[in-house]
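A.B. asks: Protein chains in written order, with our numbering: chain L, 1 to 232; chain S, 1 to 513.
Simulated from the structure, these hints should not be mistaken for lab results.
One or more of the hints may lead you astray.
As the list claims (entries may be wrong) - Computed spacing ranges between beta-carbons, pair by pair:
1) K423(S) / D45(L): 30 to 38 Å
2) E205(L) / D127(S): 30 to 38 Å
3) K220(L) / K425(S): 36 to 44 Å
4) G184(L) / E123(S): 51 to 59 Å
5) D45(L) / A481(S): 47 to 55 Å
6) G71(L) / K483(S): 22 to 30 Å
Glycine is no exception: its CB is placed at the ideal position from the N, C-alpha and C atoms.
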Amino acid sequence: MSSDLLELIVENVLQGRRNSDDEGIEEGDFGQPGVAELVARALEDGINTEQVLIDGLSRGMQMVGDKYESGEYFIPDMLTAAEAVEAGMAVLEPYLVSGGEKAGRGKIVMATVEKDLHDIGKNLVTIMLKGAGFNVIDLGIDVPAARVVEVAEQEGAAVIGLSALLNTTMSNMSEVVKLLEEKGLHDRIKVLIGGAPVSDDFAREIGADSYGKDAFAAIKEAEKLIVSGGNV
Amino acid sequence: MSRTGILINKPYKKLSREQVELIDQTSLELLQTPGILCYHEESTTLFEKEGAKIKKTKEGEHDAWWISIPPGVVKSALESAPARVTLGARNPENRVVLDAEGNRVYFGTGSETNYWLEIEPEEFTSDKDGARRTFAVMKKSRGSLNLLCRSAHLAEQLENLDFFIRNVNIQDSDITTGNKDVNVFFASLNHLTKPVIGGVADYEQLEKIVRIAEIIAGGREQLRENPLVAFITSVIKSPLQVVDDTAEKLIAIARLGLPVVISTSPQGGSTAPIDMLGMVAQVNAEALAGITINQLASRGAPVIYGAVPVRARMDDLHDMYGVPEFCQYTMACAQMARYYGVPCYSTAGVGDAKVPGIQATMEKMYTHSMVPLAAPDLVHYSFGLLDKTQTYSPEQAVLDNHQIGMVKFLQREQEVNSNSAAKTKKMIADVMHSPYRMYARYARGMLRRGEIFAGFPFEGKLEDQDQTLLKVHEKFAELEAAKPKYLPEDTCKLIFNEISGLLPRLNPYGEVK
Numbered sequence: 001m002s003s004d005l006l007e008l009i010v011e012n013v014l015q016g017r018r019n020s021d022d023e024g025i026e027e028g029d030f031g032q033p034g035v036a037e038l039v040a041r042a043l044e045d046g047i048n049t050e051q052v053l054i055d056g057l058s059r060g061m062q063m064v065g066d067k068y069e070s071g072e073y074f075i076p077d078m079l080t081a082a083e084a085v086e087a088g089m090a091v092l093e094p095y096l097v098s099g100g101e102k103a104g105r106g107k108i109v110m111a112t113v114e115k116d117l118h119d120i121g122k123n124l125v126t127i128m129l130k131g132a133g134f135n136v137i138d139l140g141i142d143v144p145a146a147r148v149v150e151v152a153e154q155e156g157a158a159v160i161g162l163s164a165l166l167n168t169t170m171s172n173m174s175e176v177v178k179l180l181e182e183k184g185l186h187d188r189i190k191v192l193i194g195g196a197p198v199s200d201d202f203a204r205e206i207g208a209d210s211y212g213k214d215a216f217a218a219i220k221e222a223e224k225l226i227v228s229g230g231n232v
Numbered sequence: 001m002s003r004t005g006i007l008i009n010k011p012y013k014k015l016s017r018e019q020v021e022l023i024d025q026t027s028l029e030l031l032q033t034p035g036i037l038c039y040h041e042e043s044t045t046l047f048e049k050e051g052a053k054i055k056k057t058k059e060g061e062h063d064a065w066w067i068s069i070p071p072g073v074v075k076s077a078l079e080s081a082p083a084r085v086t087l088g089a090r091n092p093e094n095r096v097v098l099d100a101e102g103n104r105v106y107f108g109t110g111s112e113t114n115y116w117l118e119i120e121p122e123e124f125t126s127d128k129d130g131a132r133r134t135f136a137v138m139k140k141s142r143g144s145l146n147l148l149c150r151s152a153h154l155a156e157q158l159e160n161l162d163f164f165i166r167n168v169n170i171q172d173s174d175i176t177t178g179n180k181d182v183n184v185f186f187a188s189l190n191h192l193t194k195p196v197i198g199g200v201a202d203y204e205q206l207e208k209i210v211r212i213a214e215i216i217a218g219g220r221e222q223l224r225e226n227p228l229v230a231f232i233t234s235v236i237k238s239p240l241q242v243v244d245d246t247a248e249k250l251i252a253i254a255r256l257g258l259p260v261v262i263s264t265s266p267q268g269g270s271t272a273p274i275d276m277l278g279m280v281a282q283v284n285a286e287a288l289a290g291i292t293i294n295q296l297a298s299r300g301a302p303v304i305y306g307a308v309p310v311r312a313r314m315d316d317l318h319d320m321y322g323v324p325e326f327c328q329y330t331m332a333c334a335q336m337a338r339y340y341g342v343p344c345y346s347t348a349g350v351g352d353a354k355v356p357g358i359q360a361t362m363e364k365m366y367t368h369s370m371v372p373l374a375a376p377d378l379v380h381y382s383f384g385l386l387d388k389t390q391t392y393s394p395e396q397a398v399l400d401n402h403q404i405g406m407v408k409f410l411q412r413e414q415e416v417n418s419n420s421a422a423k424t425k426k427m428i429a430d431v432m433h434s435p436y437r438m439y440a441r442y443a444r445g446m447l448r449r450g451e452i453f454a455g456f457p458f459e460g461k462l463e464d465q466d467q468t469l470l471k472v473h474e475k476f477a478e479l480e481a482a483k484p485k486y487l488p489e490d491t492c493k494l495i496f497n498e499i500s501g502l503l504p505r506l507n508p509y510g511e512v513k
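This is chain S alone, in the form it adopts within the complex (with noise of 0.2 Å):
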């Protein structure tokens, strides 16, 4: 058993094959001409050693290698990539099988944001007529490592969630380069029995979130089997660049053949061009770039493709993911990937605007809407980022996931056979002969089978004043009482015993003696 994402039964492809191919052909040359700048000597031996053109070089302070890459390189590298990707679970029924092949959706968190927005109703007095109102007001936070599990604790909850990226940037005083990654992973993995990915800042904790992992699946082998994390690589630096220390982490993870994403997320009109095929040229081309990185170090390697392309703003040049060209870029992506048999990672829902509102919805609802279409495998930052990607906001989350259960009813199959038409015959003729020629009992057999879509859950009764928020906050703090899914008290007994840098506080049962 596994989670079952949506079902995309006719995947929407805006490029002709001819236009796949096209765009294939010119990332290959591109990875040749220019080629890559990398700044990772053990991925330049890589390509060296499969006949790449190598020169070396001096950026800043810094050595680099130009590579060449031959497109034969990279065929080959695509053909080991395995079409079939498993993401592990605490619950085995929330794992995610990514299959190139097949045509499921599933939707999870993402980005590390800032800042925490959070409902705090409020009532004020009207200065008109002295009448008292209750209104949604926004209390703003920077991101703590309890701010973390509380949001790993929500989406445990949501329905709609199939998996975790960390979605707050922890930020306590007590908080290091040292410790981050390791707590971070800690309290996701102690509050979601779904699939958990992550980026690893400092190399160092690399070992110790495996080792969790490991204690928590029961063992090396086990891990292997179920793997209860992914790693998210943002091994580019667009254009075209290799980062140092990424490359490094992306070969150690390749190396335990445990999944990854490969992310490169340029900005349309700055890092890429801002055109749709100067853009997925050149995000599908460091794509395989960084995949290549990862089937050279270890051939089979669980590998994600992930392109992230967002457009600039053009009055300050920040992110923009509201917008028509962002789903151009993506969609295009989500059929490069498929085009290679390669799972694909991809985004929709962020809203560019500050706050949970109009602007926000308008933005969530058009791409949670147009993405899917495309069939990627995995949608990240569907749930509760604001402010491009800034801020995370419990409540918006809680809407985002009743947004993608739309997207999904809108999905599902629906029967259409001879069978059906006979029905849908004797119905109308049977209600044609009826006194009042309604169709209520029809209707009703449906929504006794939740075969009728419920309806917008948080609408409010009042005629002059929309009370969603407020409504939304209610049901937050619904789901925020519920009790946690810790982890068994005696695995986090040999957690705390054996991995360093874990803050106490962390551990539901108490410090370990």
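Same shape as in the complex, but just chain L (with noise of 0.2 Å):
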């Protein structure tokens, strides 16, 4: 039976349904239960937290990562299946903390730079990580370098995402590793950045950490940043 509804949480992330509210790929799930609802009765039904987190919203998360490297998945569904997988977090958090387990993979701050109030680049990097498993912290846009810095160290956050649009704003994110760097706190706080006028190049010249070319990226070069302790 737990494999049953655990199967069932794998089908309603690649379906992208949060709760019971939601269609699914196609028509017709409507008033069916989604992921939220679902997690919340695996719970009830004494299934550990870490087969619901590993074996249903992972697992699910990883079945639409491959279909998004394949061709098969795009942005949207990625999006969408993260959504889902943000909402089951959501109600399975609270049992995790509680059992004494480390909520997700790893904490994460992200912002747009200071003087920069685009939302979209860093909203998608922040919903992908949280359905990666990340335990994201979303400072928002316009955010300036020392409070980054600030709610970085206070929530021992391994790495800090920047966003920028623009190519006035996209030095500001240097700021932020040079008050890292000051600070003394660069060696176990990493800096990952992404936005449409960055580049590899751009991080290197500036010593961040890593660059994500797009959020599919961005979530790779966590991983990595996390693992390695930012030897990437």
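Quick one: dock chain against chain with the hints and give me the complex.
C.D. replies: Dropping the structure here:
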């Protein structure tokens, strides 16, 4: 029975259904339980949190990632599935904490840099990171470097993700790196940057640790940064 | 079931009703004065019987007749010409039903190019830094029967291609005037389950072509119901002259009851006025003269108003297709055909450019987008044509197929009603109250329902080199590798046993003993 329920969670992640109000890829699923309800039911049935996380939510997201890599799925598929995982994580998270397990796969602070009001790219990466099981703190847009570093330090984040859309604001990314260096935090808090005007070269130039060319790449880079401690 | 083409809900009408009537009146008056110069005696007799004024003359060594056609004769022909014409096909689902009162547009090939231009990727080494790069090198060869077969095989697979007109001029050493037409039609029919249309150079071969089509269709009556072949006759030599042997073929086809396009192609600046009114008045008069001969030969015969007006280049007097005047002429002609209630054969997608590339893309996209807006029934020349109509490129045809897909997508029906507006309001409100205010899940629904255009399929990955032609070459190779949809073996056997002049190498099942 537990495997049936976990299969349903996987299937609903693929369908991108957060809850019973969502339709899936095809119409007709409205009213059926979505990921949030299925996770709650799994916990009620006594399935352990690790199984729900690994064999349900993460496996579903992994299958979505595989389909994206093979060209079957596109960004909207990934985002919709990530939203469904996020809805499941919201139900699961209190149990993970109370069970003494570390919530998610690591903590990441996300922000669009100071004087830049664009949030689509940053949101896209945030949703995908959450869907991939990371614990993400989203500080929003137009965030000063000092605030980014302050929160990252307070929260014990492993990675700071910075987004910029403008040539005029991308230079503010280097402020965050400088501040981390000044405070001696850069060895334990790594910086991942992304956005239309930035590049791998630019990341190296400002001393950032990694560059994600798209949301999918950002997940992989974040994984590498957390696993390797930044030696990517 | 038949092919759906593109539905143009509100055809663009450049001309007002008064202007259409004025052009009609002008064309009818031109057919009276100066009238047409006819080189074909039987056509002259047909007009004479209807009360046209005839004056015999001599043009060089040839007998000719000045014919002043009374407007009533033309009007009566237009009344008897059917508004609906079916182009049959080996696969009934590929039939094309032309309806002058409907607004469906269908795209096909055309011309008879002397050259075939194919991409051969080749690797080069940079003199500067020794880096190696692959580029699309063009290989040009003279048209042949094998190349025509390859073109027909490709045409069968291009999803936006609705009908086939032989597009490669076969110049093999064993092809003669006496066997060319029959081999062209057989090669086309043997590779395509879509409608096949073509011209006939040699009158003697018309009967053989019809017989091939009858064998495939299953008999004479079956061919009338499902006309697998239709014809094109350039019966008018501009300005306003009726060609002797083509008129002969036109009359024969009319009496066979098979569909025929009256195709007239004057060049603005040389064989027709270059201004829009002058060009359209003349080309319209020419099309009407051809339709009238067809209907006088056989009332009610299926006939298509074909107007292919082009503009002259000012530096060398070659045809020009990728220019605004071409669209103006062509779109006005589509409006005239609609006014008469006769299906229209039109043109778009010719590249004046010699090779695929930026110039060709601009020229093709321009006419592919514009001309269908006037809702002509058939749009020919739409695939692979370059260097005016001298060269056919299969890779260009694959690119053109994509362009037409874009045009089709643009014209598709979209739901705008109170129900969809209510859904939209709910969607926007829901998104506004969601954490990231993104519409991805709604886009996903449309994506999965096939309601989002897939984008450019031949995009390369390099940042400093356009790889489109290399990608499209790969696609062509993939399409070419598919198994051809040959006629059944017993049908081929019947055809090869009965029809003389067919080259044995065209039989996919080997030589018939």
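A.B. asks: Check the structure against each numbered hint from earlier and tell me which ones fail, lowest number first.
C.D. replies: Structure breaks no hint.
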